[in-house]
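Those protein sequences? They're chains A, B and C, same order as listed.
For the first sequence, the numbering used here gives the first residue as 1, with consecutive numbering after it.
For the second sequence, the numbering used here gives the first residue as 1001, with consecutive numbering after it.
For the third sequence, the numbering used here gives the first residue as 2001, with consecutive numbering after it.
Please note that the accuracy of each hint is not assured.
Said to hold, decoys possible - A few chain A residues that don't get close to chain B, going by computed Cβ distances all over 12 Å:
{"id": "1", "residue": "94"}
{"id": "2", "residue": "126"}
{"id": "3", "residue": "165"}
{"id": "4", "residue": "250"}
{"id": "5", "residue": "264"}
{"id": "6", "residue": "306"}
{"id": "7", "residue": "321"}
What the hints assert, rightly or not - Each computed SDA-like pair below joins lysine to any residue, with the alpha-carbon atoms no more than 25 Å apart:
{"id": "8", "chain 1": "C", "residue 1": "2187", "chain 2": "B", "residue 2": "1108"}
{"id": "9", "chain 1": "B", "residue 1": "1150", "chain 2": "B", "residue 2": "1076"}
{"id": "10", "chain 1": "A", "residue 1": "275", "chain 2": "C", "residue 2": "2110"}
{"id": "11", "chain 1": "C", "residue 1": "2049", "chain 2": "B", "residue 2": "1159"}
{"id": "12", "chain 1": "B", "residue 1": "1138", "chain 2": "B", "residue 2": "1186"}
{"id": "13", "chain 1": "C", "residue 1": "2061", "chain 2": "B", "residue 2": "1159"}
{"id": "14", "chain 1": "B", "residue 1": "1150", "chain 2": "B", "residue 2": "1172"}
{"id": "15", "chain 1": "C", "residue 1": "2149", "chain 2": "A", "residue 2": "250"}
{"id": "16", "chain 1": "A", "residue 1": "195", "chain 2": "C", "residue 2": "2068"}
{"id": "17", "chain 1": "C", "residue 1": "2049", "chain 2": "B", "residue 2": "1186"}
Calculated from the structure, these hints are not laboratory results.
C-beta: ideal position from N, C-alpha, C; glycine also.
Take a look at the letters that make up each chain.
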Amino acid sequence: MTPDYARLYDLLRQVTGYIYPNEIEVHWGILVVVYPYLTGLVAGAFILASLVKVFNVQAVQSVYRLSLLTALAFLLVAPLPLLLHLGHPGRSFEIFLNPNFTSAMAMFGFVYAWYLMVVLLLEIWFTYRRDIVLWAREEKPPMKWIHRTIALFSNDVSERGLAFDKKVVKAITIIGIPSAFLLHGYVGFIFGSIKANPWWSSVLMPIVILFSAIVSGIALVIILYMVITPMRGQKIDMKCLDTMASFLFYTVIVDFSLELLDFIHRLYQSEESIKILSEMVSNRLFISLVIIQVLLGMLIPLVIMVAIRLFRFEEELRKLLYFLSVILIQLGIFATRWNVVVGGQMFSKSFRGLTAYKMELGGIEGLLMTLALLVLPLLVLAILLKIFPAWDLPKRALGGEAVPSA
Amino acid sequence: MKNFLQRFPDALVRLAAVFVVLIAVVLLVRSLLPASWTDTRLQRQATIERETARPVRYAGSDVCADCHEEYGVKRQGYHRNLSCETCHGTARDHADNPMEVKPSLPRLREFCVRCHAYDRSRPTGFPQINPAAHNPLKACITCHNPHDPKPPTTPQECRGCHAEIARTKALSPHVLLECTTCHAVPVAHRTSPRAVLASIPKEREFCGKCHAKDSAVRETPKIDVVTHGEKYLCWQCHYPHMPEIK
Amino acid sequence: MERRGFLEKLFAVALPGGVLGLLIRRAPARAEGYEASAHYYGMGIQVDKCIGCGRCVEACKDENNVPREPFFFRTWVERYSVRWRGEATVRNIDRALEGPAEVGGEGEVLRSFFVPKLCNQCDHPPCVQVCPVGATFATEDGVILVDEKRCIGCRYCIQACPYGARYLNPVTEAADKCTFCYHRITKGLLPACVEVCPTQARIFGDMRSTASPLTRFRRMNKLHVLKGHLNTEPKVTYADLDGEVR
Chain A
1 MTPDYARLYD
11 LLRQVTGYIY
21 PNEIEVHWGI
31 LVVVYPYLTG
41 LVAGAFILAS
51 LVKVFNVQAV
61 QSVYRLSLLT
71 ALAFLLVAPL
81 PLLLHLGHPG
91 RSFEIFLNPN
101 FTSAMAMFGF
111 VYAWYLMVVL
121 LLEIWFTYRR
131 DIVLWAREEK
141 PPMKWIHRTI
151 ALFSNDVSER
161 GLAFDKKVVK
171 AITIIGIPSA
181 FLLHGYVGFI
191 FGSIKANPWW
201 SSVLMPIVIL
211 FSAIVSGIAL
221 VIILYMVITP
231 MRGQKIDMKC
241 LDTMASFLFY
251 TVIVDFSLEL
261 LDFIHRLYQS
271 EESIKILSEM
281 VSNRLFISLV
291 IIQVLLGMLI
301 PLVIMVAIRL
311 FRFEEELRKL
321 LYFLSVILIQ
331 LGIFATRWNV
341 VVGGQMFSKS
351 FRGLTAYKME
361 LGGIEGLLMT
371 LALLVLPLLV
381 LAILLKIFPA
391 WDLPKRALGG
401 EAVPSA
Chain B
1001 MKNFLQRFPD
1011 ALVRLAAVFV
1021 VLIAVVLLVR
1031 SLLPASWTDT
1041 RLQRQATIER
1051 ETARPVRYAG
1061 SDVCADCHEE
1071 YGVKRQGYHR
1081 NLSCETCHGT
1091 ARDHADNPME
1101 VKPSLPRLRE
1111 FCVRCHAYDR
1121 SRPTGFPQIN
1131 PAAHNPLKAC
1141 ITCHNPHDPK
1151 PPTTPQECRG
1161 CHAEIARTKA
1171 LSPHVLLECT
1181 TCHAVPVAHR
1191 TSPRAVLASI
1201 PKEREFCGKC
1211 HAKDSAVRET
1221 PKIDVVTHGE
1231 KYLCWQCHYP
1241 HMPEIK
Chain C
2001 MERRGFLEKL
2011 FAVALPGGVL
2021 GLLIRRAPAR
2031 AEGYEASAHY
2041 YGMGIQVDKC
2051 IGCGRCVEAC
2061 KDENNVPREP
2071 FFFRTWVERY
2081 SVRWRGEATV
2091 RNIDRALEGP
2101 AEVGGEGEVL
2111 RSFFVPKLCN
2121 QCDHPPCVQV
2131 CPVGATFATE
2141 DGVILVDEKR
2151 CIGCRYCIQA
2161 CPYGARYLNP
2171 VTEAADKCTF
2181 CYHRITKGLL
2191 PACVEVCPTQ
2201 ARIFGDMRST
2211 ASPLTRFRRM
2221 NKLHVLKGHL
2231 NTEPKVTYAD
2241 LDGEVR
């Protein structure tokens, strides 16, 4: 790639104070913001699905399969921003071949492979196996062969087989929860373990990132449920929606408390970096942090959800408020990732200056690519829903009778 | 075998088969890869070899001594601690091919001014001039041989090397005092400034010569040398080159 | 689905892999008789001697093919102006001094000096710790190198360095940094920045050798390191380092 120095000269003019000369280039840009956002959604959607299996929350049963497929769709797209960001994506296999075991980033390959192969794919497979076998019997090619291949040509729908499926799903979900924590938590560790950067270096970093991920994941499933259900011509199950919103409420409270704790802790300890960090928040991150992350992304949704609990709003109003809240929450969590990643590079490690980040429109690290990466998982989800329908199960059973789903 | 496998659920058997194949493929591929791909030690050895094979551009001073007598001239003068390449740039190519490749020969004022212009951040004792006032129309090498840059006359004033101090003192009440009023400067200090140092006053009574109540000097602020400032030395509060306390 | 992608990737790299293997066997050897384990290099910086001429920055770029633009530095010089009231202001010296020291900041300057910076070749390097593929590593003689053929350009090491010493080379798209001019020191030469420094503000030496100038430097001066609280154990030590320096 030919170097783009004009952009750097431009940035040089926006520097205030003193930065180390090598710091002018913002190394982790929008692509590295998108990656934790995507894996966060994976972890969050999976945790929601786990609520059904592990804690037997029947009210959200109807979104169980949707959550799993959402997690898979986002997981498949997640490595893409990373590959695009690397200077040498063709060498990325080196992480698998010869990893440096002291590096948190090297763990990505193994954690990702574990989560994809052993947790998510297996859980989806065992959940759907019975239905796929039954569908394949009466479908026409090519769907017939797609389903038969996915089922590994199994034809077993005996009691014994189904009981085994159920047991395995429960076991995988139990393993899956800490695995999901690891998949997204290690990203927090990547940032939290860098002692050179006081904005990132914190014990709380993996925890905060994880909880904000759970918030965004649950919010995403709510959005998808509220959008897809009318598209299918069905009515939204308010019990399901209210329960999901409850869980969202609890997680938002925890997330908010953690971020508040981090804020108070920093101010109270008042370490050397506090001056430049305050300057950075008020000059470079004011809109993305104070306005979008805190006000719009956290406080307003909190107020809305508290209001819903205090006052009995009628169904249509609740739906509107929920929808508004989850959209704001998504914006807020994306802004959170932005503030962590980009914020950590806006101030100099000399603690004497601030730099700037300008995202471009086109190019690999541009706005258009970002939007494409955010839309792509939805397209993948659409394809997955075609192969693994998450609803209408009873109608497609053998002989037209209702067959109880897994 | 079939009986054994039938004891397990059908789904499990099929899945296990897929995983076994996957793992086998991974292991097979890994074993087929050349050692240079998997052996860290080999890769690092290769890196070290690649790094050490990089071309050298600066030859190092001793190489110049083989052909150029200026090296001997430089060894005695003020520029003895400079490498030839500090001014002449990279010379490895020239050393390998002396007739066809020549290093640079700086002759313009800007070149010397880069090191020797007065700048307040430069350490005291480093020779600094004001380029606008110091023979501005002449090239530096007209008077100063770059290999033995002794000026035509040794610096008459301390200001040539102690520019920051001179400028500070020029704005202070001590402006009319010669440097030699307080500092005894051996003649050798001008030519070997680090080996032979000027003296500095050591007692309160020294300042008392002008500032004590019974001093013969008029027009100086007077204090009681015994009690003023308790037991401290004068310059612990009053910077001698700008003695007013702010 | 994943298997097919894996096989495709495999083929795409097996071919150049074989070529790479051949190349490695033909890489040139290091300097004859050089025993890495007999040396352990470090650098000393005498802050009070630096005149901020920037020749070290230029020489480094010459010797090591660093892009000339002001965004990539293996070494650089900072100018500090500590004010009477208020904070210190710092500027970067790119090639030569630009403008007076008083630019920026408010209030009169109390003291002012230059500080050269470079990779500290830490003994406990955070960059080596975080590289996912182990492309950056420490040699036996104490220098941290980057394998530009293995580096995947993730920039984690650049984030982890507390000193801002690393950058992404726009030509190789791999991480890059000062190597103490490894290709020179293994042949008994000095790093380029040390070679051209006119005031000997930079002292390079072998910590295993009692005769090296670095040993004298370490004996005669009170030494500091940058950001000692981060426990990176730098091998670049500073004499007379001001507390304002970060």
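How the hints compare with the structure:
no.: 1; hint: 94; in the structure: 9 Å, violated
no.: 2; hint: 126; in the structure: 7 Å, violated
no.: 3; hint: 165; in the structure: 7 Å, violated
no.: 4; hint: 250; in the structure: 36 Å, holds
no.: 5; hint: 264; in the structure: 40 Å, holds
no.: 6; hint: 306; in the structure: 46 Å, holds
no.: 7; hint: 321; in the structure: 44 Å, holds
no.: 8; hint: 2187(C) x 1108(B); in the structure: 34 Å, violated
no.: 9; hint: 1150(B) x 1076(B); in the structure: 10 Å, holds
no.: 10; hint: 275(A) x 2110(C); in the structure: 22 Å, holds
no.: 11; hint: 2049(C) x 1159(B); in the structure: 18 Å, holds
no.: 12; hint: 1138(B) x 1186(B); in the structure: 31 Å, violated
no.: 13; hint: 2061(C) x 1159(B); in the structure: 35 Å, violated
no.: 14; hint: 1150(B) x 1172(B); in the structure: 31 Å, violated
no.: 15; hint: 2149(C) x 250(A); in the structure: 49 Å, violated
no.: 16; hint: 195(A) x 2068(C); in the structure: 31 Å, violated
no.: 17; hint: 2049(C) x 1186(B); in the structure: 23 Å, holds
In the structure shown, a violation is registered for the earlier hints numbered 1, 2, 3, 8, 12, 13, 14, 15 and 16, in ascending order.
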